[in-house]
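Numbering of the sequence shown is given in the numbering used here, commencing with residue 5 and proceeding in unit increments.
The hints are simulated quantities; they were obtained by calculation from the structure and are not laboratory data. Errors might be hidden in some of the hints.
Stated by the list, open to error - Mimicking DSS-like on lysine-lysine, the simulated pairs with C-alpha atoms at most 25 Å apart in a straight line are:
no., residue 1, residue 2
1, K55, K83
2, K69, K52
3, K18, K69
4, K69, K83
5, K63, K77
6, K27, K63
7, K52, K63
8, K69, K55
9, K83, K63
10, K85, K52
11, K27, K52
12, K27, K55
13, K86, K52
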Amino acid sequence: MGLFRFLGNLFLGKPRIDQRFLKNTNRDNNNTYNYVCNCIQDILDEYKSIKIGKTGNPKNRITQKDYNGQYSKMFLILKSKKRSLISNMERESIREYDFYNDNISMLSGGRMSSPDGYYYLYVVAD
């Protein structure tokens, strides 16, 4: 990332994408859910405010105005070609961490589209 783009993102409040937790999987099972929970717990150990979501395009999602200035990082947790897996993990994670997250609804949010066929579970944090 160029210096001007970095500074622009910093001053405009757009969250940076962090892929340290990113796991590519198509398995909808307890191991995947436990992995997601462990990642969210690690994020909560460092940040006080989180929101859990799903998207087919992380770079586009962080440019939406509902995230500008509110969150400093977007952690990508899961990557999958299975839209249903990501939706299930989002819904279960929101329920599990209801007390700790800024999600308005415990239901899985809208329909995702993806330019490359991959869908992502993410956590934005500040």
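So, going through the hints one by one against the coordinates:
| no. | hint | in the structure |
| --- | --- | --- |
| 1 | K55 <-> K83 | holds (17 Å) |
| 2 | K69 <-> K52 | holds (21 Å) |
| 3 | K18 <-> K69 | holds (9 Å) |
| 4 | K69 <-> K83 | holds (23 Å) |
| 5 | K63 <-> K77 | holds (12 Å) |
| 6 | K27 <-> K63 | holds (17 Å) |
| 7 | K52 <-> K63 | holds (23 Å) |
| 8 | K69 <-> K55 | holds (14 Å) |
| 9 | K83 <-> K63 | holds (14 Å) |
| 10 | K85 <-> K52 | violated (31 Å) |
| 11 | K27 <-> K52 | holds (23 Å) |
| 12 | K27 <-> K55 | holds (19 Å) |
| 13 | K86 <-> K52 | violated (30 Å) |
In summary, the numbered hints that this structure violates are 10 and 13.
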